[in-house]
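Chemist: The primary structure of each chain is shown beneath.
Protein chains: 4
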Amino acid sequence: MTIRVGVNGYGVIGKRVADAVKLQTDMELIGVGDVADDWRIGVARAQGVPIYLASGDGSAGSLEDMARAADLVIDCTPKGVAAKNTALYRQLGVKFIVQGGEKHGVAGHSFVADVSYASALDRHSTRVVSCNTTSIVRVFGALRRAGLLRRARGTLLRRALDPWESHLGGIMNTLVPEAHVPSHQGPDARTVDPALDVVTMAVKVPETLGHMHFWSADLNGAPTREQVRDVLSASPRIAFVREGDGLGAINAVKERMLDLGRPRGDLYEVAILEEALTVENGELFCTYMVDNQAIVIPETIDAIRALMGGEPDAAASMAKTNRALAIAAA
Amino acid sequence: MTIRVGVNGYGVIGKRVADAVKLQTDMELIGVGDVADDWRIGVARAQGVPIYLASGDGSAGSLEDMARAADLVIDCTPKGVAAKNTALYRQLGVKFIVQGGEKHGVAGHSFVADVSYASALDRHSTRVVSCNTTSIVRVFGALRRAGLLRRARGTLLRRALDPWESHLGGIMNTLVPEAHVPSHQGPDARTVDPALDVVTMAVKVPETLGHMHFWSADLNGAPTREQVRDVLSASPRIAFVREGDGLGAINAVKERMLDLGRPRGDLYEVAILEEALTVENGELFCTYMVDNQAIVIPETIDAIRALMGGEPDAAASMAKTNRALAIAAA
Amino acid sequence: MTIRVGVNGYGVIGKRVADAVKLQTDMELIGVGDVADDWRIGVARAQGVPIYLASGDGSAGSLEDMARAADLVIDCTPKGVAAKNTALYRQLGVKFIVQGGEKHGVAGHSFVADVSYASALDRHSTRVVSCNTTSIVRVFGALRRAGLLRRARGTLLRRALDPWESHLGGIMNTLVPEAHVPSHQGPDARTVDPALDVVTMAVKVPETLGHMHFWSADLNGAPTREQVRDVLSASPRIAFVREGDGLGAINAVKERMLDLGRPRGDLYEVAILEEALTVENGELFCTYMVDNQAIVIPETIDAIRALMGGEPDAAASMAKTNRALAIAAA
Amino acid sequence: MTIRVGVNGYGVIGKRVADAVKLQTDMELIGVGDVADDWRIGVARAQGVPIYLASGDGSAGSLEDMARAADLVIDCTPKGVAAKNTALYRQLGVKFIVQGGEKHGVAGHSFVADVSYASALDRHSTRVVSCNTTSIVRVFGALRRAGLLRRARGTLLRRALDPWESHLGGIMNTLVPEAHVPSHQGPDARTVDPALDVVTMAVKVPETLGHMHFWSADLNGAPTREQVRDVLSASPRIAFVREGDGLGAINAVKERMLDLGRPRGDLYEVAILEEALTVENGELFCTYMVDNQAIVIPETIDAIRALMGGEPDAAASMAKTNRALAIAAA
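Chains as they are written, first to last, in this note's numbering: chain D, 1 to 330; chain G, 1 to 330; chain U, 1 to 330; chain B, 1 to 330.
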């Protein structure tokens with residue numbers, strides 16, 4: 001029995017989630033919804049996807065119609081809007097997933113597949129945490145669960161805007177640090193893994209390709225670089241890229257994703273720079289790229305399966321998702 | 001009988017040509033060749049494409065081996081390298097196509113499908129002209145052949161580098177005009193259409209997405225905007241984009257290509273900004289985007305067919321190419 | 001007798017006008033006014049400039065107090081605000097100058113020193129036209145008055161934001177053309193020189209240093225390049241820069257202004273690229289840089305003198321202004 | 001008796017050093033030297049500065065002539081060139097200062113005024129360390145000497161090129177991390193202050209205004225934020241900027257320097273973001289801007305005095321330098 005999924009909010013995340021749902025053998029995209037009927041919705045319509053519009057004028061009806069028709073709605077609307085929409089989902093008894101712009105309390109549960117699949121099983125709702133938080137939980141959660149991590153301190157370089165919107169409020173020839181320390185990602189990571197001792201500072205940089213993190217961490221014991229690397233490379237959603245292969249800069253990494261035929265050049269993995277991964281005297285230094293448009297897509301797919309309860313095993317769900325998205329190929 | 005095509009030079013253009021050849025029902029990609037065996041070649045190898053290397057260590061042999069095995073080689077190596085390679089092609093009696101970095105004399109024939117398909121039939125070689133020149137011939141060649149164009153004067157904004165190489169010599173927060181007027185595109189366009197009266201100035205701008213042209217032109221007679229637009233829209237390789245649809249900036253146009261599922265987000269068409277197309281008192285003003293990575297790909301495919309002579313009709317070849325590349329869908 | 005000048009609006013233009021007024025021997029800066037008391041006003045205060053604030057809490061009083069104390073107010077407030085302020089100036093009988101963001105009708109007179117000094121003598125008010133329009137009148141007005149210009153068609157590359165504000169709404173890795181042709185500068189130039197036949201297209205580019213124009217023009221007769229250059233070089237507010245000297249890119253030109261000790265690195269002149277100036281078969285091609293923060297400063301100083309009527313000769317005023325701003329030195 | 005100073009290498013640093021020397025009452029700029037006679041040298045010549053050229057054709061002779069005429073030469077030539085030049089200086093018995101591009105061994109002594117003034121007294125030569133290293137020694141050296149610092153871990157965002165050269169090899173819409181950890185600044189800081197426990201990672205970012213550092217540090221004891229801030233604000237070469245004043249982004253900070261009338265908008269101080277300075281549980285988090293073109297200028301002036309030995313007191317020299325450069329005013 002396939003899971004009937006509706007996607008509300010057809011923007012940067014929504015359109016990727018919709019395309020990823022279509023690639024799953026155990027899911028069906030019953031349609032996408034939005035408040036605006038612009039060129040993005042036009043592409044979905046041309047592809048034959050049923051359209052639901054806030055106005056009710058969608059080919060398939062209103063957003064409420066979509067919620068009624070679905071087993072589960074992925075709400076990818078802007079921050080705060082999704083929080084309001086949940087009242088409808090709850091009233092209709094339809095399960096839902098919100099994205100990382102919303103607070104933990106909106107769903108009462110926060111999701112990164114590695115950690116919280118089991119606790120999400122059969123729940124009514126969950127929140128897939130933000131791109132930066134997802135990367136932190138993947139990398140430092142793995143080290144912590146392996147008993148290696150004492151604490152991590154990071155600097156987050158945030159792309160100022162997504163590529164499509166870079167004419168709508170970018171920054172030029174400057175850097176814009178967040179004046180508040182810590183930035184929200186550390187506390188946010190603890191909604192998924194409460195034992196993580198992580199503090200971050202953040203700064204907006206004038207590029208559109210994705211985020212980049214730089215970390216120093218104190219480790220337990222005195223593990224070798226190889227031990228640390230083994231823990232990280234055990235995760236299929238962490239990839240290593242080599243400057244020696246010409247992949248040291250983030251634009252080259254993105255080009256490789258396009259060459260691989262990934263939809264929209266999406267990089268679903270955390271991409272760690274191999275040569276920079278350094279372990280010395282109980283300290284770890286590392287840097288990685290986060291494709292803010294893509295990294296939460298596989299997590300969202302796993303979250304669907306967890307909420308619907310049909311697949312009780314996290315690893316099995318992740319393997320299914322990875323296969324459908326060709327994540328092994330990277 | 002399929003045409004056996006080899007691609008020499010697996011960079012920005014070469015990899016796109018190779019992928020486009022694979023999509024044609026009347027062609028077979030026999031392999032790709034390069035001097036370097038880097039991550040780009042690695043992707044091709046992983047896709048099962050036979051690899052030919054200058055060193056001779058390719059899975060399938062040397063560049064000479066590729067030339068021997070092919071009916072036709074597309075040489076996409078850097079400017080000047082292709083010119084040298086042609087000696088080998090001529091010696092082996094294999095047909096070849098060079099790209100717009102080379103001079104007209106290298107092949108003795110310059111190609112834009114609209115204009116020079118017939119004269120390329122059964123030739124030994126041709127040169128697909130550069131991205132900017134291709135766009136000029138598509139747009140102003142069409143107007144000239146319709147008897148509408150007297151002369152055109154243009155300003156060409158050139159992206160400073162391609163996305164993958166933007167860490168290898170870009171420009172930041174500045175503009176770099178070409179000190180020589182006219183820039184080479186006007187004279188180059190006349191290698192395809194000798195009757196074109198076109199003069200251009202050029203300037204490098206700090207972005208990586210593509211070029212943008214701004215034109216004023218004097219027309220014959222006093223055609224209406226509709227007459228001019230009809231001539232342009234008759235070409236399937238000219239598309240119109242509307243600022244009113246949110247597609248006024250070139251980053252938004254590229255996002256749409258990614259959403260359409262175009263490989264690498266490629267825009268094969270000249271994309272004219274609808275609202276800016278102005279015809280008044282015998283003058284035309286217009287602006288369009290040129291995706292320098294993509295626009296020559298369909299031309300190259302047509303050039304293959306022309307040289308091999310199996311399809312005598314330009315329109316039929318262009319339709320076949322467009323269908324394979326989903327150009328109608330844009 | 002010195003002219004008592006107040007400056008309302010202490011932003012990009014206002015602070016430069018205030019500093020320029022201080023350098024004139026026949027003018028006195030009686031103070032600067034603003035609605036906000038931020039770090040910019042703080043710098044003026046630290047320099048001992050009397051401060052007038054909308055709130056009335058300035059060290060020297062309110063904006064109305066400043067208008068009462070001045071012979072003339074330069075209103076450099078944002079577009080539309082100045083238009084409203086003029087009611088007060090008229091009521092108090094104080095002369096005023098508005099900037100190019102306002103419409104011609106706000107003052108009923110538009111000013112570029114070369115052309116409209118005489119008609120501004122003893123007027124109550126004028127409008128110093130925008131940076132782009134000023135450059136057009138300087139360059140093409142000079143050619144027209146010399147009988148050489150038939151018509152000019154230009155492409156205007158506009159810096160997307162000023163340096164200080166580039167974190168408040170910039171554009172990144174894209175180009176944003178104006179969808180309407182002609183852009184407003186051509187018609188605006190005719191408010192100063194009604195005989196100018198000028199049409200422009202405009203595009204925002206991702207840099208902050210200034211604008212750049214690219215022109216083709218039809219000339220009367222068949223003047224030589226030298227004749228055209230002589231007309232242009234006769235103006236002290238037009239400078240020539242050479243790529244051969246390393247000054248081909250606009251960032252290098254700005255560096256030179258800083259090296260010259262110009263306040264804030266200001267380039268008051270239109271900077272024409274020497275090598276690109278081309279005259280052939282009755283056509284002119286040229287490109288120049290417009291420092292949008294600086295070019296109207298000398299014009300504003302001249303406009304003050306014209307309105308106050310003490311210096312009846314345009315050339316004498318311009319020479320005085322140029323000397324004070326070291327314009328000859330460039 | 002004034003110190004006769006020659007400056008060899010009239011680029012980004014050299015021209016600033018030359019201008020700063022001119023502002024000191026106890027120094028005389030005897031001339032500037034370079035290998036190339038370009039527009040930069042032209043500005044110096046127009047200002048009446050004696051010019052020495054490698055060719056010997058300078059108005060004042062050759063580089064060797066300059067070295068003979070000087071008490072001390074500041075060598076600001078590119079990395080590696082200065083190292084070669086020192087043979088001449090030693091042979092002629094003229095004192096010299098090299099910049100941070102050179103290795104410690106070139107002069108056998110490394111200089112940051114706060115720390116190494118006394119040990120530089122009457123020496124034959126010293127090396128003013130790089131901009132980033134200077135900032136590290138100012139900030140973390142101060143904390144260490146106050147007994148507060150245990151160790152510091154930093155991420156350095158490096159402007160990809162200086163403003164004047166940003167058309168000669170920039171990076172666009174990408175981030176380029178250094179693949180090697182630690183980057184060289186930590187070890188380099190220990191050439192000045194061997195007790196500093198500092199490790200850094202570095203990344204090139206697509207802007208030209210300056211560097212930005214982000215730090216986490218472990219402190220001794222559990223000092224309050226106020227105690228830490230007091231130590232830092234005791235240095236006149238550390239300034240605090242407030243986001244609340246509109247100075248959170250580095251472009252705004254630079255605009256303020258231009259408004260203050262600083263030559264070329266130079267920021268000589270390390271500019272710490274006030275609101276982000278955080279002290280909690282024995283940890284410090286902070287971020288600051290480093291104007292790579294300017295920060296070493298006051299250090300170089302102090303180094304001149306130290307080598308010449310006339311002013312034995314570091315604090316007195318620094319006060320003199322600061323006064324001449326209006327550093328107190330920021």
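Honestly, I wouldn't trust all of these hints.
Intra- or inter-copy, both count: the list cannot distinguish identical chains.
[As the list claims (entries may be wrong)] The calculated DMTMM-like cross-link candidates involving lysine to aspartate or glutamate, where the alpha carbons are at most 25 Å apart (straight line), are: (1) K204 x D245; (2) K320 x E275; (3) K79 x D37; (4) K204 x D162; (5) K84 x E226; (6) K204 x E165; (7) K204 x D38; (8) K79 x D245; (9) K204 x E226; (10) K22 x D71; (11) K204 x E243.
Simulated from the structure, these hints should not be mistaken for laboratory data.
Chemist: Each hint needs a verdict: does it hold in this structure or not?
Modeler: Hint check:
In this assembly of identical chains, the alpha carbons of K204 and D245 lie at most 25 Å apart only when taken from different copies (19 Å versus 28 Å within one copy). When the C-alpha separation of K320 and E275 is checked against a cutoff of 25 Å, the pair qualifies neither within a copy, at 31 Å, nor between copies, at 46 Å. Taking the closest pair of Cα atoms, K79 and D37 come within 25 Å of each other only inside a single copy of the chain (20 Å); across copies the shortest separation is 33 Å, beyond that limit. For the identical chains of this complex, K204 and D162 are neighbours both inside a copy (12 Å) and across copies (18 Å), given an alpha-carbon limit of 25 Å.
In this assembly of identical chains, the alpha carbons of K84 and E226 never lie at most 25 Å apart, being 47 Å within a copy and 42 Å across copies at closest. Within a single copy, K204 and E165 get their C-alpha atoms as close as 15 Å, and across copies as close as 15 Å, so both meet the 25 Å cut-off. Taking the closest pair of Cα atoms, K204 and D38 come within 25 Å of each other only across two copies (23 Å); inside a single copy the shortest separation is 29 Å, beyond that limit. Taking CA atoms no more than 25 Å apart as the test, K79 paired with D245 passes between copies only; the shortest distance there is 24 Å, against 39 Å inside one copy.
Within a single copy, K204 and E226 get their C-alpha atoms no closer than 33 Å, and across copies no closer than 28 Å, so neither meets the 25 Å cut-off. Taking the closest pair of Cα atoms, K22 and D71 come within 25 Å of each other only inside a single copy of the chain (15 Å); across copies the shortest separation is 40 Å, beyond that limit. In this assembly of identical chains, K204 and E243 lie within 25 Å of each other by CA distance both inside one copy and across copies; the values are 24 Å within and 14 Å between.
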